[in-house]
Amino acid sequence: MPDTQTVAARKPWLDPAQKPFVRIQKVTKKFGDFTAVWDVSLDIFKGELFCLLGGSGSGKSTLLRMIAGFEAPTSGRIEIDGQDMTHVAPYDRPTNMMFQSYALFPHMTVERNVAYGLLREGMARDKAMERVAAMLKLVQLTPFAGRKPHQLSGGQRQRVALARALVKRPKLLLLDEPLGALDKKLREETQFELVKIQETLGITFMVVTHDQEEAMTLSSRIGVMNEGEIVQVGEPNEIYEFPHSRFVADFVGSVNIFEGRVIEDEPDFIRLASPEAGCDIHVGHGVACTLNQTLWYAVRPEKMRLSRTDPGGAFNRVQGVVQEIAYLGNLSIFRVRLDSGKVVRATRANVARVDEEAISWDERVWVSWTDTAGVVLNR
Amino acid sequence: MSTPAAGRGPMTRLLAALGLSGRALVIAVPLAWLALFFLVPFLVVAKISLSEAAIARPPYTPLWEWEGLRVTLFLNFENYAYLWRDALYLDAYLFSISTAFISAAVALVVGYPMAYFIARSPEPRRTLLLMLVILPFWTSFLLRVYAWQGFLRDTGVVNGLLTGLGIIDEPLRLLQTNFAVYLGIVYTYLPFMILPLYATLVKLEQDLLEASADLGARPVATFLTITLPLSVPGMIAGFLLVFIPAIGEFVIPELLGGPDTLMIGRVLWNEFFGSRDWPVASAVAIVMLLVVVVPIVFLRQIQAHAEERVK
Numbered sequence: 000m001p002d003t004q005t006v007a008a009r010k011p012w013l014d015p016a017q018k019p020f021v022r023i024q025k026v027t028k029k030f031g032d033f034t035a036v037w038d039v040s041l042d043i044f045k046g047e048l049f050c051l052l053g054g055s056g057s058g059k060s061t062l063l064r065m066i067a068g069f070e071a072p073t074s075g076r077i078e079i080d081g082q083d084m085t086h087v088a089p090y091d092r093p094t095n096m097m098f099q100s101y102a103l104f105p106h107m108t109v110e111r112n113v114a115y116g117l118l119r120e121g122m123a124r125d126k127a128m129e130r131v132a133a134m135l136k137l138v139q140l141t142p143f144a145g146r147k148p149h150q151l152s153g154g155q156r157q158r159v160a161l162a163r164a165l166v167k168r169p170k171l172l173l174l175d176e177p178l179g180a181l182d183k184k185l186r187e188e189t190q191f192e193l194v195k196i197q198e199t200l201g202i203t204f205m206v207v208t209h210d211q212e213e214a215m216t217l218s219s220r221i222g223v224m225n226e227g228e229i230v231q232v233g234e235p236n237e238i239y240e241f242p243h244s245r246f247v248a249d250f251v252g253s254v255n256i257f258e259g260r261v262i263e264d265e266p267d268f269i270r271l272a273s274p275e276a277g278c279d280i281h282v283g284h285g286v287a288c289t290l291n292q293t294l295w296y297a298v299r300p301e302k303m304r305l306s307r308t309d310p311g312g313a314f315n316r317v318q319g320v321v322q323e324i325a326y327l328g329n330l331s332i333f334r335v336r337l338d339s340g341k342v343v344r345a346t347r348a349n350v351a352r353v354d355e356e357a358i359s360w361d362e363r364v365w366v367s368w369t370d371t372a373g374v375v376l377n378r
Numbered sequence: 000m001s002t003p004a005a006g007r008g009p010m011t012r013l014l015a016a017l018g019l020s021g022r023a024l025v026i027a028v029p030l031a032w033l034a035l036f037f038l039v040p041f042l043v044v045a046k047i048s049l050s051e052a053a054i055a056r057p058p059y060t061p062l063w064e065w066e067g068l069r070v071t072l073f074l075n076f077e078n079y080a081y082l083w084r085d086a087l088y089l090d091a092y093l094f095s096i097s098t099a100f101i102s103a104a105v106a107l108v109v110g111y112p113m114a115y116f117i118a119r120s121p122e123p124r125r126t127l128l129l130m131l132v133i134l135p136f137w138t139s140f141l142l143r144v145y146a147w148q149g150f151l152r153d154t155g156v157v158n159g160l161l162t163g164l165g166i167i168d169e170p171l172r173l174l175q176t177n178f179a180v181y182l183g184i185v186y187t188y189l190p191f192m193i194l195p196l197y198a199t200l201v202k203l204e205q206d207l208l209e210a211s212a213d214l215g216a217r218p219v220a221t222f223l224t225i226t227l228p229l230s231v232p233g234m235i236a237g238f239l240l241v242f243i244p245a246i247g248e249f250v251i252p253e254l255l256g257g258p259d260t261l262m263i264g265r266v267l268w269n270e271f272f273g274s275r276d277w278p279v280a281s282a283v284a285i286v287m288l289l290v291v292v293v294p295i296v297f298l299r300q301i302q303a304h305a306e307e308r309v310k
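Line order of the protein sequences matches chains B and D. Per numbering that gives the first Met the number 0, residue 0 is the first one in the first sequence, and the count goes up by one each step. Per numbering that gives the first Met the number 0, residue 0 is the first one in the second sequence, and the count goes up by one each step.
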């Protein structure tokens, strides 16, 4: 009974009655004195494409390797489909992994690489070859079946690695930086292909990446990791628009952060005095805080407005000088030095091909934002 | 067109004036070395092998004679025909090849687990273990072979231990047997097997072994399907490094072997110093060279093929 709705649309994580498919409970991993993963608990649901996002050394790869069985947790428990997997050897787990290096067997053809897992589990040769042929067709590698890995391009190798990991129909597919070695154009194409394959086969994917754009495009949910801990779990837009902390706001996309002190605390708005911004910040909703508390206000560059004329009002507007403009084609990034000395980033979509009125270098401009543009952070 | 002398050092300009380039000079040095110490002696030996033995000094007839401006050439292939007619030589060649082959095979079986263990050891211990493998080279090869005599003779350490423990009453005959020759060759050449094997095994990526485990292969299956095929180039290199010198080995069969250990090195020595028949000895040497070169060329071909496959 295939579900017609995608997981991203069903959102099983919002339903407390749903049973998670992968259950990571209080997992910690130490290498000597170094703590790679610290007290991570995470539930992943069937059919999800879950991204672990973090910088290098954040512990995301170690967590993935513990799920694959290459590392044993120092403490905690890992459960897949209701079965305790904490200390099960990798060759006995219902998981398969796609390695960052692809780890294709150099002495075997594409066909034998893909067939390897099936033959190891004792499947009859002709049946295995049938499955391999179908899988190679899915990843469009049929004409390359007889080639060795070194005779393939980077993109083709990546697809062999994917086919090899998928052909055993694992309950859970683990992907370590799956698109890291591809150039930008190929990466974008492959992202969509990956999502399509994932939806076709209905296998639960867990992807490790340091690339926030990749995480945004691929995933049903993202877990952001920092220094061995999961700092926030949420859907891509949640992570982007409602970050819990300055770290997440800054790591995912770019952001302008102003420090401020609460000077008015009302049920339906608060006001921050921010010398860093150079004006008062008016927040159009209530926030759990106390007077004089220090808070941070984070606004994304695309939610910053630039204008030559005063937008009016008593707050959320400051003046500055354009320092730099980066033209990216679809949009331009402006770096504006505010009168307070802080440099902010603002983007503008280039909707017209030629803009006679375009703001240029060294111009004095107003920077403003609405009272719902940003998010208040207390850490 | 460029001016060759512009922007170059005085040395380069000097060489250019002599019609030489730096690159040619670099190649010329080893080439001259090989010509002087390998090619010329080889030609001398080849020349002697085509002459006849004589009671003279040197103990062979000249290959050519000058009479005024006329030169007379005396080519004598009788020595080679003699090697072919007398079964002794063919037996010696075959025995040498089989001894070298068996020794190399045993060294492979013994050396592989050692190389594997070293390659899988953590970094600082690896260096120590490799040092231990090379350590015997710090003592003279000859002394070490003599030491084996002390171990293996009837009143030696091994027999003393076995009789002392009451396992045997009569001492076992260990010295002057083919067994002792195998033992000596394997012992002496084992480092040459371990080092190339180690070099291939240590390069084997951990990722490949993890991928194999991840795809459901137990450790033994991973070893047989991934590690072993990928270490074939190292196995061939190690095999050649033991096999080739073992064919012409003289010291080990002389000191550890019995009277029936008829290896070609010993035959050569006897022919040269015993019978003082330099031409036959030279013919034996030339044939031995061919016997060694042919398997090398053959195995190099296999190795190149295996490396191509691994890439």
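In short, the hints are calculated from the structure, not lab data. Glycine included, every Cβ here is placed at the ideal spot set by N, Cα and C. Some hints could be false.
[Claimed, not checked] Just some of the chain B residues that point at chain D, by a computed CB distance under 10 Å: (1) A67; (2) E110; (3) V286.
[As the list claims (entries may be wrong)] Non-contacting residues of chain D with respect to chain B, defined by C-beta distances greater than 12 Å in every case (computed): (4) L42; (5) W137; (6) V201; (7) L207; (8) R217; (9) I225; (10) I243.
[Said to hold, decoys possible] Capping the alpha-carbon separation at 30 Å, the derived lysine-lysine pairs in DSSO-like fashion look like this: (11) B:K136 - B:K45; (12) D:K46 - B:K29; (13) B:K195 - B:K136; (14) B:K147 - B:K136; (15) D:K46 - B:K147; (16) B:K195 - B:K18.
Agreement of K147 (chain B) and K136 (chain B) with the hint, judged by alpha carbon distance not exceeding 30 Å: holds, 17 Å
Sort out whether K29 (chain B) lies within 30 Å of K46 (chain D), counting only the CA atoms. violated, 73 Å
Any Cβ of chain B at or closer than 12 Å to L42 (chain D), or is the non-interface label fine? holds, 43 Å
Taking the closest Cβ pair, is E110 (chain B) under 10 Å from chain D? With a closest approach of 14 Å, the E110 (chain B) hint is violated.
Could you check that no beta carbon of chain B comes within 12 Å of the beta carbon of R217 (chain D)? Given that some Cβ of chain B is not farther than 12 Å from that of R217 (chain D), nearest at about 6 Å, it is violated.
Hint validation: A67 (chain B) versus chain D, beta carbon distance must be below 10 Å. Holds or violated? Because about 6 Å separates A67 (chain B) from the closest Cβ in chain D, which is inside the 10 Å limit, the hint holds.
Straight-line Cα separation of K46 (chain D) and K147 (chain B) no greater than 30 Å? With Cα atoms ~50 Å apart, K46 (chain D) and K147 (chain B) exceed 30 Å; violated.
Should the label of L207 (chain D) as a non-interface residue stand, given a Cβ cut-off of 12 Å to chain B? The claim is violated: L207 (chain D) sits with its nearest Cβ about 5 Å from chain B, within 12 Å.
Pair hint K195 (chain B) and K18 (chain B), alpha-carbon separation not exceeding 30 Å: holds, 25 Å
Starting from K136 (chain B), check that the Cα of K45 (chain B) is at most 30 Å away, please. Measuring from Cα to Cα gives roughly 25 Å; hence the hint holds.
Minimum Cβ distance from I243 (chain D) to chain B greater than 12 Å, as the annotation requires: Answer for I243 (chain D): holds, closest chain B Cβ roughly 26 Å.
Hey, is V201 (chain D) genuinely clear of chain B, shortest beta carbon separation above 12 Å? holds, 16 Å
Hint compliance for this structure: hints 2, 3, 7, 8, 9, 12, 15 are not met, and every other hint is.
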